[in-house]
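Working from the sequences, and respecting the hints, build out all of it.
Taken in sequence, the protein lines are chains A and B.
Going by the working numbering, the first sequence opens with residue 16, and the numbers climb by one from there.
Going by the working numbering, the second sequence opens with residue 376, and the numbers climb by one from there.
Derived by calculation from the structure, the hints in this document are not laboratory data.
Careful: at least some of the hints might be erroneous.
Straight-line alpha carbon distances no greater than 16 Å define the calculated EDC-like cross-link-like pairs of lysine to aspartate or glutamate that follow [to be verified]: (1) A:Lys42 / B:Glu473; (2) B:Lys459 / A:Glu256; (3) B:Lys508 / A:Glu256; (4) A:Lys216 / B:Glu688.
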Amino acid sequence: MKAFCHREGLLAACQLASAAIPSRDVKPILKNIKAIADQGRCTLMATDLELGIRLDVLGLTIQEPGEAILPAQRLLAILREAQENDLNLEADSSSCVVRGQGMEFEMPSDDPSHFPDIPTFNEDKYHEIAGSTLREMIRRTVFATADESTRYSMTGVLWELDGDTIKLVATDGRRLALAQGTAKAHGDHTTRGQTPVVPTKAMQLLERNLQDDGQTIRVCLRPNEVLFRTELAVIYSRLVEGRFPDYRAVFPKKQGIKVTLPVGPFQAAVRQAAIMTDDDSKRVTFSFGNDRLTLLAQGQTAGRSKVEMPVTYDGKKVDINFNPSFLIEMLRVLPPDAELTLDLIDGATPALFRSGSNYSYLVMPLT
Amino acid sequence: MSWQRVRGHDALITSFQRVASRGRLAHAYLFVGPSGIGKRLFALELAKALLCEGQHDQFEGCDHCPGCALLEAGTHPDFLLMQKPPEDMEFRIALMREILDRIYLKPARGRGKVAILDDADDLNDEAANAFLKTLEEPPPGSLLVLLGTSTDRQLPTIVSRCQVVRFAPLSETLVDKVLAEQGIDDPTQRQRLAALSEGCPGTALALSDPALWEFRRDLIRCLATQPLQGVEFSRKWMEFLEEAGKESKLQRRRAALCLQLLVSLLQDALRCSVGSTPRVASAEETEVLVAVVHRIGTDPLLRLIERTLQADEQVERYLQLVLILEALMDALTQGLEPAHR
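Put into structure tokens, the structure is as follows:
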């Protein structure tokens, strides 16, 4: 392929694409970006065989269509260092040459057919979601996924898209986060009857691509893969195998006590109490009663902590133990001036935290 | 087409094709056989046959479709070949996790998934145990292939979860043919390599390195000298191993090949001593060997062969190479002394 390109446009596109380049040790060819120039468009793609990115370069004139492998790291360096704005790019299966005024770079290249293609997004069945909504939903769930678990089906986030609702669910077996939002279905796109789980890594990559507010994201879930169309790129990921647990069954059916907690002060109290926990006993006792919440922690060697905060609750005294990091991780992603409601039954049943009507977080107590 | 690259395992190919045509492929196989016999090549072709996207009825890779091209390049998203890093002594759990992470993703190209676990001999208990659950019930559409030299090197819990496929040695004629295809033109050399290979073309190719035959000449010269210059030769030997490369894996590989050459020399000497014809040694070399036999007799020769095999085992067990060589040469010096009779 041969193209005349605008330096900044190509640099921005390469930077975006390079987010999908694996950092670990892989086949050398995957450390590169594949470019396809055809019919006046130039598409870049990068993949780590689990997820991938595909995007079009703006401000590029194709002189000769074709496919090529572009050495990502060096090309990015050239694009950053070059002074002028117009560059010539020429690449085939053996070399990649960048020319500008008074400079020429030649790099070895590879056979483009050895690089797996990333699917395109030309679906008529998909859901549309506001970028800002989706970003918040991802932030509120992704931390609760299991890492390095033997339960592989929990190493990602469950997507449920049906009608105008989107639900994201993440769990590691000890806590569960559920975020809900509104979306717009096109062409009867639905995940009913399936449990598509998108790997954590893809969720994080997607979140990083949702930084600009005001954009709308299109999501298409297929049996084995998911495609996200953002304003600039298509993000692709394979789904996780296995059955996601039936999350609806774990929510307590009984009505218990209800306590309202302000996020900021509650987070501060948990963090203070957690100072005295150590690796052996990651446990804080939460005791509700007498219009007061008392947090108690005692480490093996660390010492003892007691933190109190006022709450509106004057019923029967209830004690419940939590791993404080499970609470801190959740409180961190909520606005500090928001309010949480806590539904408690007793010290042995899961406790349900809710923020507004769109976010639920269920934590198993320690016994 | 693509199966033709696999030599000497026609019966296995036919049986796999038959099983596949009935849709009865197992989900986990343990391939066992000496190294260099063609297990990995077989597993790769099996993967190709499974993941091929070409239009044909055969259970075979077409070598033209995008699936086959990606597999050849090692970038097929549904294919994984995991080998132990050369500097590690064990196949560790971190590698196993990488395999599991990949196998628990849905297929990207829709034709199933294949993971080949090379160096399965070196799986440590932790990694093997982490594998058991998946090995027993892999995700749908996946095929796991473990490559090792023997079922004895595996935990019984691993063996019982796999279908064991044994690879039989190739005939010398077939090894000879493979060597000819690989561009070894001298028929005498080919015949010697085939005799040394024990039916493993990979070993024959590894032994075809001219540097090894240079070393073998030095070795014969050393055996002919009386008294044997053991200390000096072990130093020379070690230098030769270091020339193979910085990585210990390369040095150990070369050490094993050298020991194989030494064993073959001693075996030929043994053959001479019982009036049989040597298999590898030339007429000129035979004279030297006959002289050695005359000097020490048959029994010490048997002991020396055993001692050399012991050194080979030590190489595999990651003992320090210098120590192995020094001890071996010491034993040889003593064993080859006429007084020792």
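Item to check | Hints violated by the structure (listed by number, smallest first) | outcome: 2 and 4
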